[in-house]
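Enquirer: Given the coordinates of chain G, assemble chain R onto it according to the supplied hints.
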Amino acid sequence: MVESASMTTPLTPANPLHVLAAASRDVAAVRLAALAPAARLVFRGREAAIGPAGEAFGVPLPREACRFNTAGGRFAFWLGPDEWLLLVPNAEAAPLFTAIEAATTGLPHALVDVSERSVGIEVAGEKAAFVLNQGNPLDLSLAAFPIGMCTRTVFHKAEILLVRHAPDVFHLDVWRSFAPYVWELLEDARRELA
Amino acid sequence: MLIITCPWCGARPEVEFRYGGEAHIARPADPSALTDQEWADFLYNRTNPKGLHAERWRHMHGCGRYFNALRDTVSDFFVTTYKAGEPRPDIDGSSGGNP
Chain G
5 MVESASMTTP LTPANPLHVL AAASRDVAAV RLAALAPAAR LVFRGREAAI GPAGEAFGVP
65 LPREACRFNT AGGRFAFWLG PDEWLLLVPN AEAAPLFTAI EAATTGLPHA LVDVSERSVG
125 IEVAGEKAAF VLNQGNPLDL SLAAFPIGMC TRTVFHKAEI LLVRHAPDVF HLDVWRSFAP
185 YVWELLEDAR RELA
Chain R
308 MLIITCPWCG ARPEVEFRYG GEAHIARPAD PSALTDQEWA DFLYNRTNPK GLHAERWRHM
368 HGCGRYFNAL RDTVSDFFVT TYKAGEPRPD IDGSSGGNP
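If you read the protein sequences in the order shown, they are chains G and R.
Residues in the first sequence are numbered consecutively from 5, following my numbering.
Residues in the second sequence are numbered consecutively from 308, following my numbering.
FYI, nobody ran anything at the bench for these hints, they're computed from the structure.
In this text, all values refer to a predicted model and were calculated from it rather than measured experimentally.
Check the hints yourself; a few may be wrong.
FRET-style restraints, in silico, Cβ to Cβ [what the hints assert, rightly or not]:
1) G:Glu196 with R:Ala318: 26 to 32 Å
2) R:Glu321 with G:Arg180: 34 to 40 Å
3) G:Leu39 with R:Phe384: 38 to 44 Å
4) R:Glu321 with G:Pro85: 20 to 26 Å
5) R:Trp346 with G:Ala170: 54 to 60 Å
6) R:Thr380 with G:Pro41: 47 to 53 Å
7) G:Glu120 with R:Pro394: 55 to 61 Å
8) G:Ala103 with R:Ser382: 50 to 56 Å
9) G:Leu15 with R:Pro394: 53 to 59 Å
10) R:Leu309 with G:Ala27: 37 to 43 Å
11) R:Lys357 with G:Glu120: 47 to 53 Å
12) G:Pro85 with R:Pro394: 18 to 24 Å
13) R:Asp399 with G:Glu120: 48 to 54 Å
14) G:Gly55 with R:Gly327: 27 to 33 Å
Facing chain R, from chain G, some residues (calculated, C-beta under 8 Å) [unchecked claim]:
15) Ala69
16) Gly84
17) Glu87
18) Phe101
19) Pro141
20) Thr157
21) Glu163
Virtual Cβ for every residue (Gly too), placed ideally from N, Cα, C.
Pulled out of the complex, with its shape left as it was, chain G reads as follows:
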């Protein structure tokens, strides 16, 4: 929503994520960061299209459940047995879209640009898993949720994509309109650690 001086409604618009991030306190045990915009594509396809799509993207699409592949700053997240999220930080979606579409012409698939649908939040620090577990019931020990794992799950009532990049570094992707909700609950969860 565009704020303007002519706005007369007494209801204030919700804070977008960057406003919350700017006002956020630094807590060493768990740092929160709003991630930069990224190109996001959702690819769904039958067996024949999976290989060519990965080649065109530059990262093979992972076939193992709940894992991601990364190469050259590009990420391919497994979402389902025939569904992947392709993410490239700070990139334009259009050239990627064209390249993958060209490689999979004639093969049954669906490729959708969802760059604006979600935003990324990084949760990092020694208490990152503890804070995430305030709103997520998964076992986040390294044995059950190793580095390289990604999965759709929930954080309180919002659906998120949860990714582990390092023992203490998680990244979650959340739908844009749910992002302030998730951010403020993360803030609430780490308040005792400040």
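Expert: For chain R alone, coordinates are given in the frame of chain G:
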């Protein structure tokens, strides 16, 4: 909280799942050839057993896939889960009553 084993993702908490009704109900190939009673049976009438029940679940906040589960309707115990399209496992109802 119940732990449900998704055939794709493994053991997950129940809040990620949605119930999808009784499993193994195929739409009749030629609905116009059925009597009203047969069509009503397909649409509405379910077995509602006391004991093992084959039912569909969807891993809504996960891989998004539908799969089938055998659940004991008395104890709420999930005896097994299997991928959609696979036949119902031949499991005796007495084996899984552990709440």
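Enquirer: Are the hints correct? Go through all of them and say.
Expert: Tested hints:
1. G:Glu196 with R:Ala318: 26 to 32 Å: holds (29 Å)
2. R:Glu321 with G:Arg180: 34 to 40 Å: About 27 Å separates the Cβ atoms of glutamate 321 (chain R) and arginine 180 (chain G), which means 34 to 40 Å is violated.
3. G:Leu39 with R:Phe384: 38 to 44 Å: holds (42 Å)
4. R:Glu321 with G:Pro85: 20 to 26 Å: Since the Cβ atoms of glutamate 321 (chain R) and proline 85 (chain G) sit about 21 Å apart, the hinted range of 20 to 26 Å holds.
5. R:Trp346 with G:Ala170: 54 to 60 Å: holds (57 Å)
6. R:Thr380 with G:Pro41: 47 to 53 Å: holds (48 Å)
7. G:Glu120 with R:Pro394: 55 to 61 Å: 43 Å Cβ-Cβ, so the 55 to 61 Å window is violated.
8. G:Ala103 with R:Ser382: 50 to 56 Å: About 53 Å separates the Cβ atoms of alanine 103 (chain G) and serine 382 (chain R), which means 50 to 56 Å holds.
9. G:Leu15 with R:Pro394: 53 to 59 Å: holds (56 Å)
10. R:Leu309 with G:Ala27: 37 to 43 Å: holds (39 Å)
11. R:Lys357 with G:Glu120: 47 to 53 Å: holds (50 Å)
12. G:Pro85 with R:Pro394: 18 to 24 Å: holds (19 Å)
13. R:Asp399 with G:Glu120: 48 to 54 Å: Roughly 53 Å apart at Cβ, these two residues keep to the hinted range, so it holds.
14. G:Gly55 with R:Gly327: 27 to 33 Å: holds (32 Å)
15. Ala69: holds (5 Å)
16. Gly84: holds (4 Å)
17. Glu87: With Cβ-Cβ at 7 Å, under 8 Å, it holds.
18. Phe101: violated (22 Å)
19. Pro141: holds (4 Å)
20. Thr157: Check passed: Cβ of threonine 157 (chain G) comes within 6 Å of chain R, closer than 8 Å.
21. Glu163: holds (5 Å)
Of the numbered hints listed earlier, those contradicted by the structure are 2, 7, 18.
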